[in-house]
Amino acid sequence: MSTTSDASSTRAGAAESRPRPGGSPAEPGRPKKRGGRDLLHSLPWIGPALILIFGVVLYPAIVMFYNSTRDISISGIDKGSVGFDNYVEVFSFPYFWPIFGRTIVWVVVVVAVTVLISLGLAQILNKAFPGRRIVRLAVIIPWAASVVMTTMVVYYGLEPYFGIINKFLVDIGLVDTPEGYGWTRNPATAFAWSIVVAIFVSLPFTTYTILAGLQTVPGEVLEAAKMDGAGPVRTYWAVVLPQLRSALAVAVLINIINVFNSLPILKVMTGSIPGYDADTIMTMIFKYIQNQHKVDVASALSVVAFVIVIVIVAIYVRVVKPMKEV
Amino acid sequence: MAVTAPAFETIDPPAPARKRRYTEDQVPIGKVLLRMLAGLIVLAIFVLPYTIMFFGSVKTKSQIRSVDPTYFPTEWHWENYIDMWSTPETPLPQNLISTIVISVFATLLVLLVAMPAAYYTARFLFPGRMVFLFLVIVTQMLQPAVLTSGLFRQFVALDLIDTWAAMILINAAFNLSFAVWIMHSFFAGIPKEVDEAAQIDGASRLTVLFKISLPLVWPGIVTAIVFTFVACWNEFAASLVILSTAGNQPLSVALTKFVGQYETSWQYVFGVSIVAIVPVVILFMLIEKRLVGGLTAGSVK
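Chains A and B supply the protein sequences, listed in that same order. Using full-length UniProt numbering, the first residue of the first sequence is number 1, and each one after it goes up by one. Using full-length UniProt numbering, the first residue of the second sequence is number 1, and each one after it goes up by one.
Read the hints as simulated data drawn from the structure, not as lab findings. Among the hints, a few may not be true.
Where chain B lies over chain A, by a calculated footprint (3+ residues, C-beta under 8 Å) [unchecked claim]: (1) 47-54; (2) 291-304.
In silico lysine-lysine, DSSO-like type, Cα no more than 27 Å apart, as pairs [claimed, not checked]: (3) A:Lys-127 x B:Lys-192; (4) A:Lys-226 x A:Lys-127; (5) B:Lys-257 x A:Lys-287; (6) B:Lys-289 x B:Lys-211; (7) B:Lys-289 x B:Lys-192; (8) A:Lys-287 x A:Lys-79; (9) B:Lys-31 x A:Lys-226; (10) B:Lys-211 x B:Lys-192; (11) A:Lys-127 x B:Lys-31; (12) B:Lys-257 x A:Lys-294; (13) A:Lys-294 x A:Lys-79; (14) B:Lys-257 x B:Lys-61.
Far from chain A, by Cβ distances over 10 Å, these chain B residues were calculated [to be verified]: (15) Met-84; (16) Glu-89; (17) Leu-96; (18) Arg-129; (19) Leu-214.
Just so it is clear, CB atoms sit at the ideal spot from N, CA and C, and this is done for glycine as well.
One chain only, chain A, in its complex shape (with noise of 0.2 Å):
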């Protein structure tokens, strides 16, 4: 695979460039034949999470593989391979390709609107005033809460005549009847809900990122483009959003990641519509698994998902480059 070659030429690249001041003793001019002990000595070290990697995320990652080309029945008997028959299952399901779309904008979406949003939050979480600490400190609670939590409770205040949120807008007057719009009973805004909930749970972590690369703009410039009659908003876009590229990157990437990987807010919100018209790859896999029992369609499903997974963390690698630090 093109990563692996990737990543190992960053990976000697790091090696060679980086003084590392905590080599053993032995290391400068470290003699090839010792390699093969020094392995040895490194294994009861290492061993371990060697084990817990290849075991529980490597191991499954094959078995994974191996099912999307066998027929598994419901109750779980392996009854033989069936070549692609899994992988053809899955691309001919009628919805497939309306959810591979949905995931598509699932992902653009939140990450974009989480991504502008935390711009503006983190600038003004990065101004001195009285109380700052605290509003910092309240942000960071959706990161440690549980996201189905967070989820169930914008589900309850959307429900019809009760709920708390569809109360607010038919007070302000943003929904006619006390009924409400049935926000979680119908596909399309119970999605866009989930938009909502998903931009909210995502922004705590942009904003610390985003945060923490504002700190690395140098006071001095920031001073020099005002002394040259800059505006906040060039020396904004000229001087800041430069420096903040690479906490960008990290933070752009990652959201991806998770925003693709989540599973309980679309379950929550969107889990008792039946139907097909608010999934993303990421439940779909779980409606084969759980309610259809086809655990090796469901395979075939997360492979593809997998391997769209890989492809971002490729990216990642080669944009971010994380071994540099190392």
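Assemble the complex: chain A is given as a structure, and chain B must be docked to it using the hints.
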């Protein structure tokens, strides 16, 4: 903090920024008030859902389901916090125990496995070191959700399906990379002379780790513990598929059973949510300064 990993120096926000703004800028009072107003709005938005949750948790069922609901509770029914544990939908006390057991043991397992790996990779060069660290980075990007069907079949085959042990292993494995990563950067921040001095004095490698290095990397370990614990506490996707017995399920999965019911006891859902959310929010607030370093250690420059 005696030792700070390089990645974190740029991330700790408040002290210098604050000094600069207050002394050099002399912000006019009007501007400060405007900022406070903006801050207040942000604060209100972020606590709003949890305020709704809290107010809902002290209402009676007829109040919370009344056709013309009130924003604030008219009476405060604290007894909900006792009654909620015996609701018929799901065995909530068992769900709470399940959440606690899985989170505590997964966190312990992560510590036990990640600490030696982080220490060794930060201190010694060995063949395969970069491969190992690369593996760690890639697994950090993988989440249980995308691998659930594989995990499901694997734990069926191991006869560990529907057990806490399965979820402890899964949570530990998927949070391991993050813990290795953050502790690695803290260990790498200790000058090797400190270790060498101790070794010359005759201390063994393990003694050095426990007596010399650990106290210095304590902030990194606390960050790793909190992050892992909170992630396990809130885990949803894998638990949903792996744990099928109601009593084995954590709160995150158990609570979803209330959705779409004919008459949901929302006041209990919210009471349990408040109980589940408050401790982890406090934990996260304790490590506020290192939150970012956590997820992006090594990438934000």
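Hints violated by the structure (numbers, ascending):
3 and 18
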